[in-house]
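Asks: Sequence:
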Amino acid sequence: MTASNVLNDSHIELTSHARITAIGAYVPERQITNADMERMVDTSDEWIVQRTGIRERRAVSEGEFTSDMCIRAVEDMLANYPVDVADVDMILVATNTPDVPFPSVAAIIQARFGIESTGSLDINATCAGFAYGLHLANGLISAGLHRKILVFGADALTRVTDYTDRTTCILFGDGAGVVMVEQDMGNGAFQAVTMGTDGTGGKHVYRSGTRTELHGTELVGDGKIVQNGREVYRFAVSTVPKGIAALLEQTGGTTDQIDWFVPHSANLRIIESICEKTGIPIEKALYSLEYYGNTSAASIPLAIHLGVQQGIVKPGDNMLLFGFGGGLTYTGLMLRWM
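Numbered per numbering that gives the first Met the number 0, the sequence shown finishes at 337, counting up by one with no gaps.
Be a bit skeptical, because a hint or two may be false.
Listed next, the in silico BS3-like pairs over lysine-lysine satisfying Cα-Cα at most 30 Å (straight line) [unchecked claim]:
hint	residue 1	residue 2
1	K241	K283
2	K241	K276
3	K202	K241
4	K223	K202
5	K313	K241
6	K202	K276
7	K276	K313
8	K313	K283
Hint data in this document are derived by calculation from the structure and do not stem from the laboratory.
Note that the coordinates shown come from a computational prediction; the quantities given were computed from them, not determined experimentally.
Please construct the entire structure, taking both the sequences and the accompanying hints into account.
Replies: Right under this line is the structure:
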């Protein structure tokens, strides 16, 4: 089944009663500039910026892991918003780079903050993970099963990057973002969702493990990220515009009513192409790739956090979030900020 077919079958009408009430973020101190990349592989600052828009990335230090970044993101949130995590009743962490296979990153976070009664779950939808997490949180709260959920997008991709592959190592960085999603007795902030999967495209971006073959393709990479950039580009620029059209059809709105478009920060050229195809002005796109690189599940919350810090993202703004990546999978959401 193609991604477009799945898209046509996945229009879900939401009547949510949940909203985001706080956000926090963290990126490691260590920087990897394009000049640093020039010393690692045959590349140049001009080549990287022209093809990706990336100038720097952040990288975890020795002994720093995904859970550590998530914890720092919560601390940032608590320092800036009047919220409490003591009564959180679910923790959802979107990541493909957990500290260890188990316990989950979510369980490690629970232990750090001593949250007495909460569920904990890691989600692996790679670069679409944060949007998936928001969708799940909204569904759990709308169903009356939970009242207060922490949703994280966090990845330490520099630990699984092949620094001999000049086409991929220039892309990836590390970071974490978190939002609090709470029950809303009003109409709720979540307006529409679309999602889908083209599993036959999984061979185009993956991290190898014990399996050595997928859909007739040999898997290589020795546990590192392997990506066919051209195929991922094609997937994104064809699928995301269709997803945006589906979201607008659900809400009965137009691109003019979108205050901020927040796609996964994979590559600036992908974002520019999507904006051109949909008519969304590039000035309305929030992205975190310029100084953080492609941070997978963390890229969307990091981009929103930057917008909040800059004072341009304001309560009541209409936001269109769209994650896409490994699987191949995607999730798009329309919501009202705060």
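Asks: May I ask which of the numbered hints given earlier this structure violates, with the numbers listed in increasing order?
Replies: none
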